[in-house]
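Chains A and B supply the protein sequences, listed in that same order. Here the first sequence stands for residues 0 to 187, numbered as in numbering that gives the first Met the number 0. Here the second sequence stands for residues 0 to 187, numbered as in numbering that gives the first Met the number 0.
These are computed hints drawn from the structure, not numbers from a lab. Bear in mind the structure is a predicted one, so any value in this text is a computation, not a measurement. Honestly, I wouldn't trust all of these hints.
Beta-carbon label-pair distances, calculated as ranges [unchecked claim]:
no., chain 1, residue 1, chain 2, residue 2, range
1, A, D22, B, S85, 46 to 54 Å
2, B, K179, A, D22, 23 to 31 Å
3, A, A94, B, M0, 19 to 27 Å
4, B, N24, A, E156, 37 to 45 Å
5, A, K179, B, E93, 30 to 38 Å
6, B, N150, A, N150, 41 to 49 Å
For every residue, glycine included, the Cβ atom is placed at its ideal position computed from N, Cα and C.
Protein chains: 2
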Amino acid sequence: MKQSIGAKTLAFPTPTWVVGTYDMNGKPNAMTVAWAGICCSNPPCVSVSLRKATYSYAGIVENKAFTISIPSEDYAKETDYFGIASGRDEDKFEAACLTPVRSELVFAPYVGEFPVVLECKLLHSLEVGLHTMFVGEIMDIKAEESVLDENGNPDIEKIRPVAYSPGNRSYYGIGKSLGKAFSIGKEC
Amino acid sequence: MKQSIGAKTLAFPTPTWVVGTYDMNGKPNAMTVAWAGICCSNPPCVSVSLRKATYSYAGIVENKAFTISIPSEDYAKETDYFGIASGRDEDKFEAACLTPVRSELVFAPYVGEFPVVLECKLLHSLEVGLHTMFVGEIMDIKAEESVLDENGNPDIEKIRPVAYSPGNRSYYGIGKSLGKAFSIGKEC
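Model the full structure from these sequences, guided by the hints.
Right, here's the structure in full:
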């Protein structure tokens, strides 16, 4: 029996990604987002939604660029810190003891210690309400060699990314494999 | 040492959600998506990206409505089937032995057996490229009583949703809790 929960932002799972930007003075900033996702295969695009009030918002608008750094479980605390503090008040990379690396493709920094990063050029901005949705074209993905599989692709089991649960506002690891897509459903 | 992977749609994790629509004849249809995410807190909105070639695309455009049904691990096979077959050729609900339930709020069906569903009214369409991004306002969320926590909110550990990994094109369960958001980062 289903119960009405109301009009809320509850959906499972959502990602836990860190958006990297430079501010007006070229200071690197980082902000954790869960309102985000891949949104197009060709050109390869990803969207992130930010409130105008965030310090990162101006960085994206100004530079028309951002990165997404995908944390491993090992960096759950630092990732949460990036979602609590504001780059307006402090140097978040310095406070988290993490390294801002300047992308060679877009004017935005990424988190050097995180295993996978996406370098994005701003393609579209859509005003949705409290949040503005930024669509970025993925210009390149860079990944640590240690998380690549035998075909040279990033392997989720080696990355050990973080999922976010909006209900209890908690982070989760990735669990066991449930099977191959475009395959296990053929038995239906 | 980071290696360039190229401009690809690789990000981790992505969701595994089933979009429900009616076709021009009122036949219920369902399609699995991973290019999707929450995109605004107020109004509460979610976005899903579909190729124009899909049968569901016309259903959303026609009815300006869709649902998102969130599967539990137990329905990984049926969910994968929804991503393989086309509603143009068959009645996917019937083939998967799942029940289309008509939303009372929007003209779209959801999967009766799945633990959590979002009922969405189309707010925006954005042409990104191969995919069109549809932004839907979440009018209500309905959840099985069996997946609610003591506060009446859907509990990710009871839902046991499915994450998708674009790299190896595989489904994964949700793993162990890594801690509370807006909390564990304070120790940084």
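Structure-based check of each hint:
1. D22(A) to S85(B): 46 to 54 Å: Holds: the Cβ-Cβ distance is about 47 Å, inside 46 to 54 Å.
2. K179(B) to D22(A): 23 to 31 Å: Given range 23 to 31 Å: holds, Cβ gap about 29 Å.
3. A94(A) to M0(B): 19 to 27 Å: Because 26 Å falls inside the window, the suggested range holds.
4. N24(B) to E156(A): 37 to 45 Å: holds, 44 Å
5. K179(A) to E93(B): 30 to 38 Å: violated, 24 Å
6. N150(B) to N150(A): 41 to 49 Å: holds, 44 Å
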